[in-house]
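**Q** Sequence:
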Amino acid sequence: MQKNSSLANYAHAEKIETLDPTSILRYDCDIFAPCATDGSLNQFNVQKLKAKVVLEGANGPTTFKADQYLYNKGVQVIPDMLANVGGVTVSYFEWLKNLNHVSPGRMTKKYQE
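All residue numbers in the sequence shown are consecutive under the working numbering, ending with 113.
In case anyone wonders, no lab produced these hints; they're calculated from the structure.
Some clues are possibly wrong.
Claimed, not checked - With a Cα cut of at most 30 Å, we get these calculated DSS-like pairs of lysine-lysine: (1) K73 x K52; (2) K50 x K65; (3) K65 x K48; (4) K48 x K73; (5) K3 x K15.
Claimed, not checked - Restraint ranges, calculated between C-beta atoms of paired labels, are given here: (6) S5 x T37: 27 to 33 Å; (7) Y71 x L96: 42 to 48 Å; (8) R26 x S5: 28 to 34 Å.
Just so we're clear, the structure is a prediction, and the values are computed from it rather than from any experiment.
Ideal Cβ positions, reconstructed from N, Cα and C, are used throughout, including at glycine.
Based on the sequences and whatever the hints tell you, model everything.
**A** Now the structure itself:
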């Protein structure tokens, strides 16, 4: 990455193009980290998952039925509220700032003063 500013020609990687984004679930891996949309792991695709651990990044990616399936299969699921606690904390502080109508940078100015 430092040499070419890209991973496009990395010798140890395999470039994969697919029309089915859920095909990534079929790869053997230790940790799978769904971080995009809610319900991305659900009752219709969770059986394809080959990971040992699901590390939820954000937005509730695992549905209740998928979570039950993973529990019964012995797959450890780390909920997004734990895995993304830093993001949740920062969102809370942003929310507080917005409630008090504090503009960006103003808190830094108060700290510097």
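**Q** Please go over all the hints and tell whether each is borne out by the structure.
**A** Against the structure, the hints:
no., hint, verdict
1, K73 x K52, "10 Å, holds"
2, K50 x K65, "17 Å, holds"
3, K65 x K48, "14 Å, holds"
4, K48 x K73, "12 Å, holds"
5, K3 x K15, "19 Å, holds"
6, S5 x T37: 27 to 33 Å, "29 Å, holds"
7, Y71 x L96: 42 to 48 Å, "35 Å, violated"
8, R26 x S5: 28 to 34 Å, "31 Å, holds"
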